[in-house]
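Novice: Sequence:
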Amino acid sequence: MLPADTRTVQLNGSCASSVDMELFLHYSLIPSLAIILVLSFLQRREHRRQRDDTSYLLGNHFGIILPLDFVSTFSNRWSYGIAFGATANKVMFLFSEGYQPLQVPQWAQAFVLLIGGIEVGLAYFPFFACLSSEFRLVGSILGFCYSLIWLAVTTLQISQCPHGQFLGRYETVMFYWPSLLCLAFLLGRFLHMFIKALRVHLGWERQAEEKSVLEPHQAAHVKRLLRTPRPREGEATWFQTRIYEWDPCFQFPSRMIGTMVLAFICLYLFIVIEFYVFVLVRDELALFEGKLESYIASVNQTGTLTPVILQVKELISVAKGVWVVTILPASLTCVSYLFHILACYRRTWCIKGTRSIRLKDSSAGGRDGLKYVVAIARYSGWQIAYILWGYLVIHVVQSLCGMVIMYGLVLPIIHNQALEMLQGLGIGILTISIVMGLMVLQVRIAAGFFLQPKLDTADKQKPLALDNRKAFHNFNYFLFFYNVLLGLGACLSRLLISCVLGTWLIARIDRTIMQSGYEGADMGFSAWIGMLYVDHYHTNPVLVSFCHILITGHRERQLQQAIKYCYIDQSAGPRVSARSRTRWLLLQTLINNPRLVTLRKPKSGHSSREFTQMLLMHSDC
Numbered sequence: 103m104l105p106a107d108t109r110t111v112q113l114n115g116s117c118a119s120s121v122d123m124e125l126f127l128h129y130s131l132i133p134s135l136a137i138i139l140v141l142s143f144l145q146r147r148e149h150r151r152q153r154d155d156t157s158y159l160l161g162n163h164f165g166i167i168l169p170l171d172f173v174s175t176f177s178n179r180w181s182y183g184i185a186f187g188a189t190a191n192k193v194m195f196l197f198s199e200g201y202q203p204l205q206v207p208q209w210a211q212a213f214v215l216l217i218g219g220i221e222v223g224l225a226y227f228p229f230f231a232c233l234s235s236e237f238r239l240v241g242s243i244l245g246f247c248y249s250l251i252w253l254a255v256t257t258l259q260i261s262q263c264p265h266g267q268f269l270g271r272y273e274t275v276m277f278y279w280p281s282l283l284c285l286a287f288l289l290g291r292f293l294h295m296f297i298k299a300l301r302v303h304l305g306w307e308r309q310a311e312e313k314s315v316l317e318p319h320q321a322a323h324v325k326r327l328l329r330t331p332r333p334r335e336g337e338a339t340w341f342q343t344r345i346y347e348w349d350p351c352f353q354f355p356s357r358m359i360g361t362m363v364l365a366f367i368c369l370y371l372f373i374v375i376e377f378y379v380f381v382l383v384r385d386e387l388a389l390f391e392g393k394l395e396s397y398i399a400s401v402n403q404t405g406t407l408t409p410v411i412l413q414v415k416e417l418i419s420v421a422k423g424v425w426v427v428t429i430l431p432a433s434l435t436c437v438s439y440l441f442h443i444l445a446c447y448r449r450t451w452c453i454k455g456t457r458s459i460r461l462k463d464s465s466a467g468g469r470d471g472l473k474y475v476v477a478i479a480r481y482s483g484w485q486i487a488y489i490l491w492g493y494l495v496i497h498v499v500q501s502l503c504g505m506v507i508m509y510g511l512v513l514p515i516i517h518n519q520a521l522e523m524l525q526g527l528g529i530g531i532l533t534i535s536i537v538m539g540l541m542v543l544q545v546r547i548a549a550g551f552f553l554q555p556k557l558d559t560a561d562k563q564k565p566l567a568l569d570n571r572k573a574f575h576n577f578n579y580f581l582f583f584y585n586v587l588l589g590l591g592a593c594l595s596r597l598l599i600s601c602v603l604g605t606w607l608i609a610r611i612d613r614t615i616m617q618s619g620y621e622g623a624d625m626g627f628s629a630w631i632g633m634l635y636v637d638h639y640h641t642n643p644v645l646v647s648f649c650h651i652l653i654t655g656h657r658e659r660q661l662q663q664a665i666k667y668c669y670i671d672q673s674a675g676p677r678v679s680a681r682s683r684t685r686w687l688l689l690q691t692l693i694n695n696p697r698l699v700t701l702r703k704p705k706s707g708h709s710s711r712e713f714t715q716m717l718l719m720h721s722d723c
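Numbering (this note's numbering), first residue to last: 103 to 723.
Because the hints were derived from the structure by calculation, they are not lab data. Just so you know, even glycine gets a beta-carbon here, dropped at the ideal spot from N, CA and C. Among the hints, a few may not be true.
Claimed, not checked - The calculated DSSO-like cross-link candidates involving lysine-lysine, where the alpha carbons are at most 27 Å apart (straight line), are:
| hint | residue 1 | residue 2 |
| --- | --- | --- |
| 1 | Lys422 | Lys393 |
| 2 | Lys298 | Lys313 |
| 3 | Lys572 | Lys556 |
Claimed, not checked - Estimated spans, in silico, between C-beta atoms of each pair:
| hint | residue 1 | residue 2 | range |
| --- | --- | --- | --- |
| 4 | Trp209 | Val374 | 31 to 39 Å |
| 5 | Trp209 | Trp180 | 41 to 49 Å |
| 6 | Glu347 | Val498 | 31 to 39 Å |
| 7 | Phe380 | Ala322 | 43 to 51 Å |
| 8 | Asn695 | Phe176 | 25 to 33 Å |
| 9 | Leu283 | Val173 | 25 to 33 Å |
| 10 | Leu645 | Val437 | 28 to 36 Å |
| 11 | Phe176 | Val498 | 37 to 45 Å |
| 12 | Asn694 | Phe176 | 45 to 53 Å |
| 13 | Gly510 | Val542 | 24 to 32 Å |
| 14 | Glu124 | Arg448 | 34 to 42 Å |
| 15 | Thr408 | Gln211 | 45 to 53 Å |
| 16 | Ser400 | Tyr509 | 23 to 31 Å |
| 17 | Thr408 | Leu598 | 33 to 41 Å |
Based on the sequences and whatever the hints tell you, model everything.
Specialist: Structure follows, in structure tokens:
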């Protein structure tokens with residue numbers, strides 16, 4: 103897309119900015135690593151290491167921090183989505199292979215892109231880590247400072263070099279305003295988190311309860327499944343039936359929200375970059391047209407190449423106009439695809455609102471858990487790449503269709519050839535109509551003369567039983583030779599329709615463009631199916647509700663036992679030590695289970711032997 107050595111010149115023109123965003127990205131790793139270390143130190147590990155482990159001195163500090171749960175996160179969805187949107191510019195540079203921190207041979211390009219992607223992810227890691235950190239006060243302070251640094255540097259770059267030499271005024275603003283807006287939103291979000299955490303720390307507000315496994319919308323979905331379906335009250339509006347109907351029992355996960363927000367911003371940046379490339383090509387074509395006009399003027403419009411040159415100039419003019427006009431329908435097509443993907447995801451989870459998910463098992467889905475885990479890791483990135491490349495392919499196809507319309511309908515009218523155009527168009531339509539009419543006539547004749555009558559008057563169709571067999575065989579024989587020629591056109595139409603639908607649906611990752619049985623070759627569709635399977639097995643509302651019931655029951659039993667022990671400890675009478683109470687409970691357990699006495703580990707000491715003998719005597723009694 104954009105070469106690395108010319109990107110700065112293209113974006114900023116002759117302006118000399120004191121801020122180098124790539125250099126700042128490298129230096130931003132220092133505060134990023136510091137924030138990660140602080141949050142990791144505060145994060146407690148669930149299991150402490152043994153004393154013989156070298157990390158025992160760290161205690162239970164330096165736990166693993168999560169930037170985002172890609173499977174079952176439904177809180178702070180828009181905050182995570184905006185955090186993804188802040189990375190849009192760097193994602194586009196990675197997509198265009200323009201961001202290369204190292205200069206290596208061509209064969210090692212994949213490793214360089216991997217290193218660049220890790221560096222970009224590490225630079226933006228604090229945004230997600232601070233949003234998801236359990237330590238809200240510290241996380242909000244660190245996130246606010248880090249967002250303020252990025253916002254200040256980005257604003258400084260835009261203020262110093264807002265214009266460019268290709269797109270004109272406010273060229274840099276056009277590229278960076280989405281990221282600037284996302285950073286400002288994150289700044290406000292961290293400020294809100296700080297105020298709320300400070301009020302909790304000062305005791306002005308109650309501490310939020312521990313997050314439950316079961317989300318409220320999942321519980322509402324399960325309740326609706328167990329409830330008798332009620333008829334809809336009133337008629338649905340046009341917006342509800344055609345656009346969107348809000349469902350309180352469903353929420354998109356943070357993964358889908360973040361993917362779609364980043365896809366929208368990246369699509370906008372891709373369109374801007376495409377228009378910028380178009381401006382470059384248009385300037386080059388203007389120079390080429392100037393040379394052609396100078397040649398025509400030199401030969402006084404009497405040269406043998408003059409008609410060809412005029413046709414070339416007309417082709418260039420038509421191509422430029424069609425390319426600009428089709429930007430809007432191509433972009434609207436991809437935007438509609440993004441909304442349609444969200445609708446497909448919701449429809450998969452809420453099939454009629456009464457059944458759980460049923461995914462069609464195919465060669466693309468299969469039952470390989472490893473493929474599913476890899477698929478959910480691939481989906482978000484592949485979804486964005488499919489939309490960007492799909493926009494380019496759709497734009498090219500729509501431009502070709504526009505060229506056909508221009509040369510088939512518009513230009514003949516401009517050149518006063520409307521009569522010839524209408525004549526050719528009429529002949530083409532008549533030919534296609536005759537062919538289609540003959541095909542329909544074959545069906546009508548076969549249905550009227552070569553099928554036996556209906557068995558019952560209430561039947562909608564005739565039975566598949568031949569009638570008038572001799573006439574039927576003659577009918578097949580005489581149409582055999584014509585159907586050979588008709589099959590040639592059908593084969594070509596099949597190829598044309600496949601190409602048009604394949605290119606038109608190239609951006610649809612939720613629908614395969616392969617034939618039935620070859621879905622596994624469509625890696626994007628496989629990622630979509632795998633992502634749905636992972637969501638189905640880990641965030642299914644019924645399954646999560648079952649796990650929630652088990653966890654809640656286990657905690658209630660533990661609470662009852664704690665209350666029982668607390669009652670024994672606080673009973674009237676002399677105070678009993680914890681060791682005595684433990685030995686008493688051990689005695690009661692061994693009396694109730696005599697076989698456990700022989701399995702106990704022997705201990706040295708007179709009291710231990712007497713204790714064991716007493717238990718054996720009690721068991722014999």
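Novice: A separate judgement is required for each hint: does it hold in the structure or not?
Specialist: We went through each hint and held it up to the structure:
Under the criterion of a C-alpha separation no larger than 27 Å, the hint pairing Lys422 with Lys393 is consistent with the structure, at around 18 Å. With a C-alpha separation of about 17 Å, the suggested pair Lys298 and Lys313 falls inside the 27 Å cut-off, and the hint holds. The suggested pairing of Lys572 with Lys556 holds, with an alpha-carbon distance near 21 Å, which does not exceed 27 Å. At roughly 32 Å, the beta-carbon separation of Trp209 and Val374 lies within the given 31 to 39 Å, and the hint holds.
The given range of 41 to 49 Å is respected by Trp209 and Trp180, whose C-beta atoms sit roughly 42 Å from each other. Judged by the Cβ atoms, the range 31 to 39 Å given for Glu347 and Val498 holds: they are separated by roughly 35 Å. At about 49 Å, the beta-carbon gap between Phe380 and Ala322 stays in the expected band of 43 to 51 Å. Taking 25 to 33 Å as the suggested C-beta distance range, the pair Asn695 and Phe176 does not conform, at roughly 46 Å.
At about 28 Å, the beta-carbon gap between Leu283 and Val173 stays in the expected band of 25 to 33 Å. Between Leu645 and Val437 the C-beta distance comes to about 34 Å, which sits within the given range of 28 to 36 Å. Our hint of 37 to 45 Å for Phe176 and Val498 holds, since their Cβ atoms are close to 39 Å apart. Distance hint check for Asn694 and Phe176: the Cβ-Cβ separation is about 46 Å, which falls inside the suggested range of 45 to 53 Å.
In this structure the hint that Gly510 and Val542 lie 24 to 32 Å apart at CB holds, the actual value being about 27 Å. Look at Glu124 against Arg448: about 39 Å separates their beta carbons, and that is inside 34 to 42 Å. Taken as a hint, the range 45 to 53 Å holds for the pair Thr408 and Gln211, whose Cβ atoms sit roughly 47 Å apart. A beta carbon spacing of about 29 Å between Ser400 and Tyr509 agrees with the range 23 to 31 Å that was offered as a hint.
Judged by the Cβ atoms, the range 33 to 41 Å given for Thr408 and Leu598 holds: they are separated by roughly 36 Å.
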